[in-house]
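Listed in order, the protein sequences are those of chains A, B and C. Numbering of the first sequence is given in the numbering used here, commencing with residue 367 and proceeding in unit increments. Numbering of the second sequence is given in the numbering used here, commencing with residue 39 and proceeding in unit increments. Numbering of the third sequence is given in the numbering used here, commencing with residue 873 and proceeding in unit increments.
None of these hints come from the bench; they were simulated from the model. One or more of the hints may lead you astray.
As the list claims (entries may be wrong) - From chain B, some residues computed to sit far from chain A (all C-beta separations above 12 Å): (1) Thr55; (2) Trp57; (3) Leu60; (4) Phe112; (5) Trp143; (6) Leu148.
What the hints assert, rightly or not - Okay, derived cross-link-like pairs now, DMTMM-like style, lysine to aspartate or glutamate, Cα gap no bigger than 25 Å in a straight line: (7) A:Lys553 <-> A:Asp473; (8) A:Lys457 <-> A:Glu482; (9) A:Lys553 <-> A:Asp516; (10) A:Lys457 <-> A:Glu369; (11) A:Lys457 <-> A:Asp508; (12) B:Lys166 <-> C:Asp930; (13) A:Lys603 <-> A:Glu584; (14) A:Lys381 <-> A:Asp516; (15) C:Lys978 <-> A:Asp403; (16) C:Lys978 <-> A:Glu496; (17) C:Lys945 <-> B:Asp95; (18) C:Lys978 <-> A:Asp389; (19) C:Lys978 <-> B:Asp130; (20) C:Lys978 <-> C:Glu948; (21) A:Lys457 <-> A:Glu496; (22) C:Lys945 <-> C:Asp930; (23) A:Lys381 <-> A:Asp403; (24) C:Lys978 <-> A:Glu369; (25) A:Lys372 <-> A:Glu406; (26) A:Lys381 <-> A:Asp398; (27) A:Lys381 <-> A:Glu369; (28) A:Lys457 <-> A:Asp516; (29) A:Lys503 <-> A:Asp473; (30) C:Lys927 <-> B:Asp130; (31) C:Lys978 <-> A:Glu406; (32) A:Lys503 <-> A:Glu482; (33) C:Lys978 <-> A:Glu482; (34) C:Lys927 <-> C:Glu940; (35) A:Lys381 <-> A:Asp448; (36) A:Lys457 <-> A:Glu498.
Quick reminder that beta carbons are idealized off the backbone N, C-alpha and C, glycines included.
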Amino acid sequence: MTENWKITLRVYRQKENQTSHFDDFQMDVNPDEYVLDAVERAWAFHDRTICFRHACHHSTCGACGMRVNGVEKLTCITLIRDVTRNGATLKVEPLRNFPVVSDLAVDMGVFYRKMEAVGARAVLPVTEAEIEDPPSKWDAEDSQYIRLSDCIECGLCMSACPIMATTPEYLGPAPLAAAQDQGLRRKPELLSVVDCEDGVWRCHSAFECTAVCPSFVEPARRIMNLRVQVVDMRLRKLFGKA
Amino acid sequence: MSQSTSSYISGPRPGETTWIWLIKIVTGPLLILVLMLHLIVNHYIGSTPTGLMTYTDIVRYYQNPIIPAIEILFLITVVTHSLIGLRGIILDMNPSRQVLSVVTWLFSLLGVFSVVYGIWLALTIASKGG
Amino acid sequence: MDQTRNQPSAGKFWSWFIPVGRQVGGWAFALNRVTAIGLTFYLFLHLAVLSLLAKGPDGYNGFLALTENPIIKFGEWAVVAAVFLHGLNGIRIILTSFGVGVTRQKQLFYGFTVVAVLIILIFTIRMY
């Protein structure tokens, strides 16, 4: 027997040239379904003008990021049961810090360009990936094995970061994590990209990014490590060893 | 890639770069040490009922040359840490380059003035016990 | 057009101050900022007040009488509280900035805050 809950799905609506507002949809849902299912059902049966993004439905594409009751989540893996109760409201809003294209879909263009600018790698050799329990020493031929990068470029971290809210110039957690992933010793040209006011020093250790990352990237830890790398590179340059 | 990346990635502007951050983070623990000293001394050798030092207590305490030395070190550390931090907060308000320049100058002046004033004050107090 | 509503803007700077819907790290960040601003204000006030010392015993001891005022006493207590909260949270930031304890930053924050509160309690009892 599947459970049935009655909830109010409160959807942020914003179309071009109109002011934003929320629309409420009274819905019957199975609490073991996902928030994305509820949004899709609202679109299918209540209002075909709701605009939102979704693709893989299993947390690999990063398309369905939204704020659920104010907190950044990947809606395809967020159980309705975990974010609301029977008879209560479920609010969905677009990600913060990106321009809204329509309703729940935001313009991720600048973000993707930042990822490109740091040369974010989508795949990397397993010898360079931070995996759990690596062997104490890799064999030379192990570098032929490649692995998808953890970051799915969903933008949840960019939405949660309190500094990202203050300026679009800040690189942001995901690009900085991608830069750390490459390593400054390996790619010294990234030093000037991250060692600047809107780069690694703008982070104030709020750790909001790691808290919302659905993909174990741990951007905050990577940014801290990137700082150590930057200091290391600068000290080396100072003493003429770089 | 059609668009240049430099339009939204700032180069090394005169901003909170590596060295400024390092100074802030080194002055932090240094502050903790000196501040603990300062707090303990100020509240354990005071002669008022509430443990604060009176004028005479202070002058006497300043006769030992290590005291003005520590207090001046404390002053430099705390003013540096505080002003760099405050500047960091202002950076988050996304000021224009001119405004940021003005802020940096103002804070530097304030910092230098505070330290000079503090050194003068410390030496003045020390001299009153002669 | 309402396009800019969701975009980063300098005005959103103030949103750090109200970490609603944020996790512990966001609260720690806000706490550190608030205490930093409070302590900076106190620092310069303190430096200014100390100039009374240069005026001789009457000026300064007259000021000491002011410190009996309960509002001033509360202010002094607040300064000490801010110092310990800011300082211990700062140690946490230094540790995580150098890669120590990053995976346990929440526990670090809770731990340091508890220590800070304990110290503040001890101080309060001794002060009063």
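### Query
When the hints from earlier in the document are held up against this structure, which numbers fail?
1, 2, 3, 7, 8, 11, 13, 14, 15, 18, 20, 21, 24, 26, 27, 28, 29, 30, 31, 32, 33, 35 and 36
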